[in-house]
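Peer 1: Chain by chain, the residues run as shown.
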Amino acid sequence: MTPGEDAVKSPTDFSDSVDVQRERRQLAETWREPTGLVGWFSCVHHTTIGRRFIITAFVFFLLGGIEAVLMRLQLARPENRLLGPDLYNQIFTMHGSTMMFLFAVPMMLGLGIYLVPLMVGARNIAFPRLIAFGYYLYLFGGIFLYFMFLLNSGPDNGWFSYVPLAGPQYAPGKRADVWAQLITFTEVSSLVVAVGLIVTVFKLRRPGMSINRIPLFVWAELVISFMIIFAMPTVALASTCLILDRLIGTHFFNPAEGGDVLLWQHLFWFFGHPEVYIIFIPATGIISAILPTFCRRKIFGYTLLVLSLVATGFIGFGLWVHHMFATGLPKVAQSFFTAASMMIALPTGAQIFCWLATLWRGKLVVKTPLLFVLGFFFNFLIGGLTGVMLASVTLNQQVHDTFFVVAHFHYVLIGGSVFPLFGGLYYWFPKITGRMLSERTGRWVFGLMMIGFNLTFFPMHQLGLKGMPRRVYTYLPGLGWEGLNLLATVGGSIMAVSVLLFIVNAFQSLRAGEAANDNPWGAGSLEWATAAPPPVYNFARLSVVAGHDPLWDEFEKQPVVTGVRSDLREVLVTTVLDAAPDHKYLMPDPSMWPFLTAVATTGLFVGSIFTPWAVVIGAVPVTITMIGWFWPKRREQEEQAAAEHGHHSGAGKDEGPVGGERPIWEGQA
Amino acid sequence: MKLWGKQKLWRNALPVICAAMLTLYSSCAGRQSALDPAGPQSLRLSRMWWLMFWVCTVVFILVMAALCEALRRARSRARPEVEPIAERKITKVIAGALGISAVILFILMIADFMTGRAVYSQPQNALQIKVYGRQWWWEFQYGDPQPSRRVTTANEIHIPVGRPVMLQMTARDVIHSLWVPNLHGKTDLMPGYQTTMWLQADRPGTYRGQCAEYCGHQHAHMAFLVVAESNEQFNAWFENQCRAAHSPIDASQQRGQQLFMTRGCVMCHQIRGTNAGGRLAPDLTHLASRQTIAAGTLQNNHDNLGNWIADSQHVKPGNRMPPSGLNGEDLQAIVSYLENLK
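Chains Z and A, in that order, are what the protein sequence lines are. Start counting the first sequence at 1; every next residue gets the next number (the numbering used here). Start counting the second sequence at 1; every next residue gets the next number (the numbering used here).
Excised from the complex, chain Z in its bound form (with noise of 0.2 Å):
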């Protein structure tokens, strides 16, 4: 699996000297992940983790996909038997959970862990460990909820699961606590993650890309890591609150004993609203990556759009109440909320506007992730101005919880975060496997998802504003909603083909796909400086970086970091703001104690699901795989010992940090 043996060929990272290619065989070697089944367990390059990532979410989009085939089967006609209720409720809390939870977070996030070091840079994420420990507990958490409901324990109190229905008395046995433990889960890995990509962001960037040079998809990921650990920690108490009521028998939610239901949905909300920009940000970020290589021509105001970004970022916290503008709170703070609903519209508008003149301005090169991008346009703008609709305190009262509303988050996360994935998927196959996907099968799969999509999703605005309410099993004949439902499904089937289809020429590329060079689009970022797939180590050439899109600014005659050892896992850390050389830091060495970790832990978290004593007894386990995670090894130290020893006998403090004998940073950026 080890791909650094290609590397030699790259023609943009530049291999001319023995020397060069000496050092490029050390550094393959001290970047060498494990082989063998203990050391598939042991990886820690960002490159194995982010694909572990990207390729487990994407077997979750494909289970949430056919719970949603599913459920439109069983809407096709009215009074349709094909599942009950109880089956039915199941499935749609399973589609909801792992579409949000399985899918598109980890997917996001998963896309950050492989893009984010190469588009910065490094040669590895910022602590490697912990993020493959966060990998392990998000397969695990996955794993859990599918065997659960394979048992028939699937949760089906929908993926917000209100209390008092998920409380103990009315939602008997573990469906609600498998629910309630997928949580716990999926927030750890997220945090996790977000705590590695936000040092790597900050701390581990090239030379020269000071903080007005930063990729926007770095950009994006940046701003929704933070959004995961200000939100993150909202629904852990959320749904710890919800254990405890149905482990231990406190009353957080039950009104009967003074606590309070609507509590349950504040928390819940003040999470769930910022969960919606968590995934849909990054796709903003991938539009920013594809279009100004289509457009061949630089991105239209990236100040403009970083601040929008960071904009969407703060504001995302303050809308959650418009999920309960049905709830009967006060009038004067439902007008708050709709205000600032309605003001989330002006960043998200000024990005689609710098898109357009990104466009108005380019030369274009049509291709398939371009495609994604324009459907994007197309599908997201009807799902942004039906938002705006729901902003709306009155039309709300309407809608909310109808078919419309359905219609209306399809549109933003399928039209909105889908069709960039895809176009990603598009874009960065190439670099992740080293070939190209099928251009003429990717048409296909545009248009299909296309046409299937829209067919799915907008008859629902009308079903919604005809009166079907959302989450219902069945419907009466009579009502009007048969040509709709049925014309849904047809929709959706023909989405279910272009999925499928996709899969189809993932397979053929991975196994007789054309080649693909190192940059195929020509694109501008640092991910097209390596080689395709990249090696263990990121880079060799360690080269300044000095503008917007380092490969379109004289790359190859910028000065190149020296003195960064490649016979230990050595990086060069630079300044938040201005990226200047900082000080160079040892990355850890592969190591199967993350994932020892995370099966502790797991235990730790199922067990907790029947007895309290779990997290006593878990405790122990997960005490003792930590401190073998974090117990200091001799060839640690010594490596360590031998880098500080370089690090002091080069030059003093004052004149910088260097490493060796040879200068950080030869020449000026």
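Derived EDC-like pairs: lysine to aspartate or glutamate, alpha-carbon spacing no greater than 20 Å straight-line:
| hint | chain 1 | residue 1 | chain 2 | residue 2 |
| --- | --- | --- | --- | --- |
| 1 | Z | Lys298 | A | Glu87 |
| 2 | Z | Lys298 | A | Glu83 |
| 3 | Z | Lys363 | A | Glu81 |
| 4 | Z | Lys363 | A | Glu69 |
Footprint (simulated), chain Z over chain A, 3 or more residues, beta carbon under 8 Å:
| hint | stretch |
| --- | --- |
| 5 | 172 to 178 |
| 6 | 184 to 191 |
Covered stretches of chain Z (chain A as the covering partner; in silico rule of three or more C-beta atoms under 8 Å from a C-beta of chain A):
| hint | stretch |
| --- | --- |
| 7 | 290 to 300 |
| 8 | 370 to 381 |
| 9 | 473 to 483 |
The hints are simulated quantities; they were obtained by calculation from the structure and are not laboratory data. Cβ coordinates follow ideal geometry from the N, Cα and C atoms, glycine included.
Following the hints, complete the assembly by docking chain A onto the known chain Z.
Peer 2: Chain A in isolation, oriented as in the chain Z frame:
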């Protein structure tokens, strides 16, 4: 390069838009439709909808037109343009577009506030009805100063045309949401909270409402009817509801009543004027006067009633009514007794 991308996009998109527009206009009418207003509030809300709809449609068309023009220019040109003077001009255009967006959003917000003022202002002389949401049916209690005239009924209310009705709502178990699209938007019913909403019908008719907050197993079958009728009709109906239940008039009905009182039925159901006083399930005092049974799921007729009593779990799986185990003559007897409860 052929003019491929845009054409393809529009070839896909145009029929979809056309079909969409057509379906949106075709038949907004219906007895559970937000776009077929029958009261002052839903009329206001539907006006708000059409305002939103047209504003958003215009914005959508403008942005799509800009996209098409951008694609046309970007395709025909040989080289991208980046010279700074023109870029600055575009910056100004974007600033203008953002300004216009802000103004549009502001206008929509003000329109929303004004609609809200009209829709939520407290009415005078309203008929008071208490509503209790239960898994999976609706309990209604008409307020009256005289306790004997506080009528309790289920899954169907009658209201006089032109008179506002104030609903005071709470839930007995989990959260529900009351929604009659032809009359008004929805308001949640939550345990531990009392919410209110008022509505009014301006033309006679039967409007269907349905629970809009997911409330478990049979959320799909939790509907009710609002019958709006003239004042006289309403008063007649109300007077009838105030009366105790009719007594059995033949042997079969007598047998039915006896069965009702001796089997499990009395544990949950109430029939005023008899010993049946259960409060867990719908009040059956005037069951036969209602149009539907099983919370708006079935027409209230002989066969449906029989099937329901024999095995309600088959009709509405998971509902709270246990199978009665009745069949043959006993079933006929109990059905004929209930059919007499007009």
